[in-house]
Structures are given as structure tokens and as C-alpha cells.
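S.K.: Top to bottom, those sequences are chains A and B. Just so we're aligned, residue 0 is where the first sequence starts under numbering that gives the first Met the number 0, counting upward by one. Just so we're aligned, residue 0 is where the second sequence starts under numbering that gives the first Met the number 0, counting upward by one.
Some hints could be false.
[Stated by the list, open to error] Straight-line Cα separation of at most 16 Å, EDC-like style, residue types lysine to aspartate or glutamate; simulated pairs:
hint : chain 1 : residue 1 : chain 2 : residue 2
1    : A       : K31       : B       : E204
2    : B       : K151      : B       : E202
3    : B       : K151      : B       : E264
4    : A       : K270      : B       : E99
5    : A       : K270      : B       : D119
6    : B       : K285      : B       : E296
7    : B       : K79       : B       : E99
8    : B       : K285      : B       : D263
9    : B       : K285      : B       : D270
10   : B       : K1        : A       : E274
11   : B       : K151      : B       : D294
12   : B       : K285      : B       : E264
[Said to hold, decoys possible] Quick list of the computed label-pair ranges, beta carbon to beta carbon:
hint : chain 1 : residue 1 : chain 2 : residue 2 : range
13   : B       : R287      : A       : E35       : 46 to 54 Å
14   : A       : G38       : B       : L156      : 50 to 58 Å
15   : A       : D207      : B       : G182      : 31 to 39 Å
16   : B       : R130      : A       : E116      : 26 to 34 Å
17   : B       : V312      : A       : A323      : 13 to 21 Å
18   : A       : P17       : B       : E236      : 49 to 57 Å
19   : B       : P26       : A       : Q39       : 42 to 50 Å
20   : A       : D207      : B       : R126      : 17 to 25 Å
21   : A       : T143      : B       : R10       : 33 to 41 Å
No lab work stands behind these hints: they were computed from the structure. Beta carbons: idealized from backbone N, C-alpha and C, even for Gly.
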Amino acid sequence: MNQQRDIGFAMQCPVPLPPGEQILLGHGSGGKLTRELIGQLFAPVFADGELARLGDAAVLDLPGGDRLAFTTDAFVVQPAFFPGSNIGELAVNGTVNDLAMMGSRPLALSAALILEEGLEMAALGTVIASMADACRAAEVRLVTGDTKVVERGAADGLYVITSGIGVVPAGVEIGPERARPGDRVLVTGPIGSHGVAVMSRRAGIAFDADLRSDTAPLTELVAAMIGAGDVRVLRDATRGGVASVLNELAEASGVSITVDGAAFPMLPPVKAACEMLGLDPLYVANEGVAVAVVGPQDADAVLAAARAMPVGAASALVGEVGEAGGTTPVRLRTGLGATRPLILLAGDQLPRIC
Amino acid sequence: MKYLDEYRDDRVALSLVERIRQATTRPWTIMEVCGGQTHTLVRQGIDQVLPPEIELVHGPGCPVCVTPVALIDEAVAIAKRPDAIVCSFGDMIRVPGSAEDLFMARAAGGDVRVVYSPLDALEIARRNPDRTVVFFAVGFETTAPANAMAVKQAHRLGIENFALLVAHVLVPPAITAILVSPGNRVQGFLAPGHVCAIQGWREYEPIARDFGVPLVVTGFEPIDLLEGILMLVRQLEEGRTDVENQYVRAVVRDGNLAAQRVVDEVFETADRAWRGIGVIEKSGLKLRPTYAHHDAEVLFPHDGGPPASESEVCIAGQVLRGLAKPHHCPAFGTECTPEHPLGAPMVSTEGACAAYFLAGRVRQETPA
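The following block holds chain A by itself, in its conformation from the complex (with noise of 0.2 Å):
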């Protein structure tokens, strides 16, 4: 008994433990260390297949045929109300797109609130009436929770934690090991919207621009592109951006992917605020703009389908997937014709962005 206690005391560890001493911001960027935390730690202790296969949700096959979508998401986003939304719709809408990136509708949500003492009633009702807006909007059900308080101090103001289902409707094949060379690469929308729209709030910096989250539901857009073709890879291109997510499904794919730099569809105040801060878009946070991965012969029609639906009307074909190979498997063209690698930066350029 004693022993035991000893060694919960000196933290020794039974699993090998990723590199560094303690927890830096940067494991929570999406980036490298969180991938270095994922794969060296969470991946081999839980030691499942469906988690290793690091999709947007998980996909389990339930007795009968059926396919469940199984999704879980922590919104900690700071300041957690910002210009066009707040961290309630935000973590209904991240929960539903995280199953929408696997072909599937959602069927029910829950939440779990973690409130610090001392926070606003008011700013409470005014996030959870965003939560019950965003539900109807996406049309799911939330159908249980939770809520905890800590102390002044122990939390920032409120966290939300979401977890839903969704059904994976029979014949869709969606995952992040399906690119194949040849395949065209697509985005949904205009990119970096959502973490310059946070930044534009945060003290010391804040400034005034024409600047809105772009925080939305894809269900919709997502059934529409399936229905248009052969969609092999769908990413929500949250944390990291989409340089992040096209290095995570080169990877999982043992594909690479070559980009145009000037193909990206981007908010003329988006790109201002971009070059102001010495940000790079493609490494800047999206709330509702997909990375697709589309047969080559489909790529024309299921780009007309996300550009007929209004949340994907800047939709554009920005790059292709091609055979394995070299130290970086992202790369990108300038407009000189030089290339240049996408590299997974290792921390955020922003911090604490959803």
C-alpha cells in the first residue's frame, strides 16, 4: 500500500512519455507537439485501432449494419465571445462537423459545462441560447449534459465540452487514409475567417476590422458534395488550418499533396489582417471550411454542387495528390513556380483559438 502511494507521489510513469518536461500551450495547437502527444502517448496506451485511425470522428459498426459516428470536442476558446459568434455555437457546431467529416447526419449532442465562479449569468444565457440556436440550425438534438463550477481562478470564465452521434448513411466510405495520386484537393470556403475574427478580440491587439467567424454547420454542404461524386477525404480544417490537415492526411494516406498558393479562396479583411499580424492563412483556424480530397473525375461536379450551397459558394479546387515521396509530403507553388514545403509548425501561431 505504502509503495503505491510512493510512486503516485514521484509521478512515475508505466507508459513511455513524449519528449519535454511539462505541457506547453503548443500541444494544444494542432501542430506537431500535438501530434507528438497523440501519437507517443494517447494512441499506444488506449491501443485502438478506430482512435489510431485519428479521423475527425470515430466510425463503429453496431450489430444489424449500422454505422455510428461517435465524436467528442472541448471549446475553451479565448475571449469567449467574439465578432460573429461565441464559444456555444462554436462547440455545437465543431461537434456537428467533426461528424459531418465522415459522411454523416447527426442524431444527438451532449454538453458538459465547466463555469469559474463569478462568471456573468447573463453571459451564460447568452451562450446557451447561441447552443440551442446552433442545434436548430443544424437540425440535431441536444439531449443530455452536465455542468460543474471550480473556483474563481481554476477555469477562464466558461469551457464547453461536446460529444455527439451521427449515423453513417450506407455505401459512404470517408476516412483520412483514402487519397490516392491523382486525386484533386478542394476547400469550402475562404480560409483563416475564424482565428483572425478571435485575435481581432484579444487584449492588446484588438483592432476593428469588417471581421466575422466563420463558424457554420456542413451537414448540408457535406451531403450535397457525396451526393456529387466520389469524396474520399473530408477534414474539418479547425486547429492548425488547412496546412495542418493536409500534412495529417498526406500522412495517413502515404500520399503527398502539391498546392497552389493563389488558389486559396481568402476575405480581403481576412488577408489584411493576415499580412498586419505576420500570420500565414494556411496555418490560421477555420470553423466552417472543409478539406476535400475528390476523384479526378468527379472533382468538377462536386465543386459545382459546394459552390450551389451557400456555405460553400467561395469553394475552389486548390491543389492535387500525388505518389509518396521526400522528407515533406506538402508542398506548395508560388506563383514564380518555385515550391516550397508546408512544414506542421509545432505550436500555434495563436493560441486558444477554439
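Assemble the complex: chain A is given as a structure, and chain B must be docked to it using the hints.
M.R.: Frame of chain A; chain B shown alone:
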């Protein structure tokens, strides 16, 4: 975006590349002085599409990179004092000192804050009257006017608890130091557009005359850089040694006289150490005696301390003088990365090593 898209037009860029090719008959070695220029060149792959006769070497124009270790150690020491708050631009926080960086000082309980303007630091001083707020004033001539204004403002409003830790450096003495250094290969310079927006280019005329080198004041967008390179190549090919201005939309010969007056009122020139290069005479700024009570080096005198040490493998000094390229360093991309920098040029995005790393360049065994 106006004033931006027209300087990034790929067709114009490619036609400039072609004109540079036509103008070039011999090998030329050109230095872009400013880290912002290095960043654009590497990021857009401009160095990959130029004719092979043109070699670009990267200059010392990253103020974060050339700030001496002793000054970073000083900032770390101040940050650890309970009666002080250190404010800095974000890039500076991760630059390694001899034992620690400001991030580590913060993890150890020091109050270190990232600000985007010296006036933000002044505001922090106003709100924390019981502590001394020290702004780490790093930069070339470009940032000196804003820092001078912050000091003047503090003086005027009677905010006595605001101080600068001054690490200001000046470009013309650095160019001269490169030209007189043994082994110098640089034959022409792209002079830094933003610095010249403040200072104009009169100071560069004696350099061109005395050393027989052409300089072109150049902006930061791809078209600016290609046009600057074309102007410089033409001068080199024709044997001219003039100061020319590519950055006409921002720079005039006399510069911004009002900004120069403010700087001159608050600062005076002083000898200054450059990390990786050494002490260069009259190459920095320090606060004038009138403002000594806003000078962190006066308020918190050095305790001596152990001598500053540098990594033994890092070749930052050679990189900063244009004698080596970042990917010739044995530590490049392995021991030394933006997450674990051995030398300052790997820290700031304007540093040549970080620009190479972020552009995915890989280490080369033998220098080209």
C-alpha cells in the same frame, strides 16, 4: 488589396526575372540587408528562379538576432525582480540568453508581457505605479521614433516608473563593418526600405562613394525585390556605384524629418555590440542623459555576472555577416530548430535561419 496585390503580380515578377537574366553577364554577390526582405525572397522562392550568376547573401538586418546575449541576460535578470515588469515584442521572448530566455523567466514567476507597441507598455506602467515597467527597445532606425515618443510621453505625463532597455542598432555602420571585414564578398546591397523611410538615404551616399559599391533602397514585396535586384545588377554591370531608390512609394532622400527630430531629441549614438559580429563603433542608440531616469541600464545596473556564453556549433556570426548560409550549419534543422534555437537567427521569423527552416530548406553538407 491595394498597395499589395500589384506588388505580387506573378506575370510582372516573371518578366522582371527575365529582364534580370538579360542584364546579367557575370557572377554577382548581392546582400539584402533586412530580414523582412530575406523572408520574402525565401518564402516566394525568388532565389530559386534568379539566374545562377546572382548569389543572394543574407544580411544582419534582424534586430532580434543581433541583440547581444548580455542584454538578454539583463532583461531576464530584471524580469525576475518582483518590483519590475518586462514588456517586449513577442519575438524577443524566446531568444536564448546565456542560460535562460524570457519565457523561462516567466515560467519561474517573472512578470513578462508581450506587447505590440511601446505605448502599450507605457499604459501598463500607468496602471502599475508601484512597479517599474521596462520595455525591451529592440530594433533598427524604423522602431526608434515610436520608442522615443513613448519616453517623451512618459516624461511629459510624469510616469516615472517607465524605462527602456535600449538595444537599438543602426544600419549604415553595419554595412560599413561588413565591407571592411576580411573575406567580404558582397558587391552590392539592397538597402532596407523601412529604415530608409525614416532616415532617407543620405547616410548611404558616403558608403557608395568610399567603398565603390552600389546600393538600391528596396521594399519588401516580390516585385519590389526583383526590381531592386534588376537596378542593382544594372549598376554592377555598368560599373556604377550610386545610391538608387526602388521604394519610391515610401522613401524620399531626406526621410521623415519629424521622426528624425524626435529620435535625436531622446537618443544619442553609441558604440554597440552585435551578437555574432562584435562591437561596432557608433552603431547603436542610447538614451540621452536628460532621460537617464527612464534608462533600465541606469535603474538596474549590471551585477557583472558570469560572462555570456554562446553555443559552440552555431555559426550565426558567419550567417549574419553573409559569410555562410543557414543550411551550411552543422546544427541546422537538427540540434537547432525554431522550437529549440541555438542562435538568435533561428528564433525570429525575420532571422535567416528561421526563414530557411520554415521554407523547408534542408541542411547541406558542404558549403556551396
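S.K.: Determine for every hint whether it applies to the structure shown.
M.R.: Verification of the supplied hints:
{"no.": "1", "hint": "A/K31 with B/E204", "in the structure": "violated, 48 Å"}
{"no.": "2", "hint": "B/K151 with B/E202", "in the structure": "violated, 26 Å"}
{"no.": "3", "hint": "B/K151 with B/E264", "in the structure": "holds, 9 Å"}
{"no.": "4", "hint": "A/K270 with B/E99", "in the structure": "violated, 36 Å"}
{"no.": "5", "hint": "A/K270 with B/D119", "in the structure": "violated, 25 Å"}
{"no.": "6", "hint": "B/K285 with B/E296", "in the structure": "holds, 10 Å"}
{"no.": "7", "hint": "B/K79 with B/E99", "in the structure": "holds, 11 Å"}
{"no.": "8", "hint": "B/K285 with B/D263", "in the structure": "holds, 10 Å"}
{"no.": "9", "hint": "B/K285 with B/D270", "in the structure": "holds, 9 Å"}
{"no.": "10", "hint": "B/K1 with A/E274", "in the structure": "holds, 12 Å"}
{"no.": "11", "hint": "B/K151 with B/D294", "in the structure": "holds, 12 Å"}
{"no.": "12", "hint": "B/K285 with B/E264", "in the structure": "holds, 11 Å"}
{"no.": "13", "hint": "B/R287 with A/E35: 46 to 54 Å", "in the structure": "holds, 50 Å"}
{"no.": "14", "hint": "A/G38 with B/L156: 50 to 58 Å", "in the structure": "holds, 53 Å"}
{"no.": "15", "hint": "A/D207 with B/G182: 31 to 39 Å", "in the structure": "violated, 51 Å"}
{"no.": "16", "hint": "B/R130 with A/E116: 26 to 34 Å", "in the structure": "holds, 28 Å"}
{"no.": "17", "hint": "B/V312 with A/A323: 13 to 21 Å", "in the structure": "violated, 33 Å"}
{"no.": "18", "hint": "A/P17 with B/E236: 49 to 57 Å", "in the structure": "holds, 55 Å"}
{"no.": "19", "hint": "B/P26 with A/Q39: 42 to 50 Å", "in the structure": "holds, 48 Å"}
{"no.": "20", "hint": "A/D207 with B/R126: 17 to 25 Å", "in the structure": "holds, 23 Å"}
{"no.": "21", "hint": "A/T143 with B/R10: 33 to 41 Å", "in the structure": "violated, 58 Å"}
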